[in-house]
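**Student:** The primary structure of each chain is shown beneath.
Protein chains: 2
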Amino acid sequence: MRDLSAGPSLLSVNTATVRKQAGLLEIIEACARHGIAAISPWRDQVAAVGLERAARAIKDAGLKLSGYCRGGLFPATGEHVMAARDDNRRAVDEAAALGAPCLILVAGGLPQFARPGSTPSKDLLGARTMIEDGIAELLAHAREARLPLALEPLHPMYAADRAAVNTLAQALDMADRLDPGGRDLGVAVDVYHTWWDPDLYAGIARAGRDHRLLAYHVCDWLVPTKDMLNDRGMMGDGVVDLRRIRRAVEDAGYTGLIEAEIFSDHWWAQPIDHVLATCVERYRSVV
Amino acid sequence: MRDLSAGPSLLSVNTATVRKQAGLLEIIEACARHGIAAISPWRDQVAAVGLERAARAIKDAGLKLSGYCRGGLFPATGEHVMAARDDNRRAVDEAAALGAPCLILVAGGLPQFARPGSTPSKDLLGARTMIEDGIAELLAHAREARLPLALEPLHPMYAADRAAVNTLAQALDMADRLDPGGRDLGVAVDVYHTWWDPDLYAGIARAGRDHRLLAYHVCDWLVPTKDMLNDRGMMGDGVVDLRRIRRAVEDAGYTGLIEAEIFSDHWWAQPIDHVLATCVERYRSVV
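Heads up: the protein sequence lines correspond to chains A and B, in order. Quick note on our numbering: the first sequence kicks off at 1 and runs consecutively. Quick note on our numbering: the second sequence kicks off at 1 and runs consecutively.
Looking at chain A on its own, in the form it has when it is part of the complex:
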């Protein structure tokens, strides 16, 4: 197990963690100031400053990338199918232009939530078929761009409105079907989404064995969780056994960055330097 105590040389901060406090350029500067190794930026933040300027600022600050957020939201009907396809291709191209190691895919839930305006449906199995079809199509484009796709299973509480891919096993099964023996479609393991899963450790081992572990995200699960979307905990403040999960991830061969991704009204209300300093401190002591 890697020793993280010396400093944040493997720490990445997902820029949504401080999205209420600052724009992308300021976030980049602040992360560099705290010695943080990398970021994972969001498309809207990149768009706000322009792709080239964002790429240059990241490079100038000496930051790496742990991913690019995000593609996906595949379930759609009517004209939204084509719009989703085009949007996802642009996401791949942007990730490649930024030099990101992967594009994070959030699958999308039922079509009326994934792509508003689509025909409402309760057909969760149908949505999963749309997801698989959508990834299959995007994969061809991603291969041309030499940009791996990282499918991120989301917590089951988001199955309806955010992602109908809800377990690591489900994501890996999909990857096996779409990218057999390959390295173009992997998974992102986020403790918030997966910590509860009885098959988590088996899934991590499988993902490692099959070279599909493309990203590892940390935060914490608070009790009580007051908001299903924006009440994630800072590492160490909740009940997730972070050390045990990281050990499993590293035992499975993962040697990449560790990305802190915290959607939290509490932390969005704190000064950016306090949030980043806390991320670094917790990364060193409890992750």
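The set of hints was computed from the structure by calculation and includes no laboratory data. Heads up, a few of these hints could be off.
All copies of an identical chain are treated as equivalent in the list; a pair is satisfied when it fits inside any one copy or across any two copies.
[Said to hold, decoys possible] Derived pair list, reagent style BS3-like, types lysine-lysine, alpha-carbon separation capped at 30 Å:
1. Lys20 - Lys59
2. Lys122 - Lys226
3. Lys64 - Lys20
4. Lys59 - Lys122
5. Lys20 - Lys226
6. Lys64 - Lys122
7. Lys64 - Lys226
The hints should help you fit chain B onto chain A, whose structure is shown.
**Tutor:** Structure of chain B alone, referenced to chain A:
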């Protein structure tokens, strides 16, 4: 698939659905008035009127039972272990005295939440071992009382504080280990907790094949869900494909009652007759 349109002859109402509006005796009377076939009462409601009086009122009203709520909350440390054991044995005895077909088991999460005062822990796997040990011990008592136990997997969003048994497969695996080939430990399938599960249909078929389908609970999943605990939807108001799940349950051989269990601040604020009439109408039209 059974035709429910004629009337609520297979409908059970979990008494928590109207717990804010009335006490048990009034709920019994109201359910009988609406032609509802059965109830599933809670221990605190029974205790408030006394076990014998509750049993007599249920019988006098001509109501069946679909279950008794609830035993479980196994993870504990120190003196709380024995207290949990004794409490669960009493729950079995009460269920038997009432003539309930099964005792619903909610497994409990981490020990500090399952049995407050227990030593705090982040060891989810350890909690699961405590659950399995607790069920094993309770099973001996339940067999003597000839009272089947129905382990209910709860939604993963409750893994920390309510139940660390979170998928049907996990519950069935546990049942296979503790009650191989037996009929003393089964499962309760609740659409709210399981609708998202990629393995739901496989799990239902397996549960049926192994004669472990002891209870079937319905409500709905709302989007957005405003509260993790008390914002369940009335059947038909959410995104759950109720017909598809019931078809699977009945194809798996289930011939029992269909229990409406709705924890909802919205429905608790409605008059009891409106809630029960709506349950009956939705049972006939969308369940």
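**Student:** Identify every previously stated hint that the structure contradicts and give their numbers, smallest first.
**Tutor:** 4, 6 and 7
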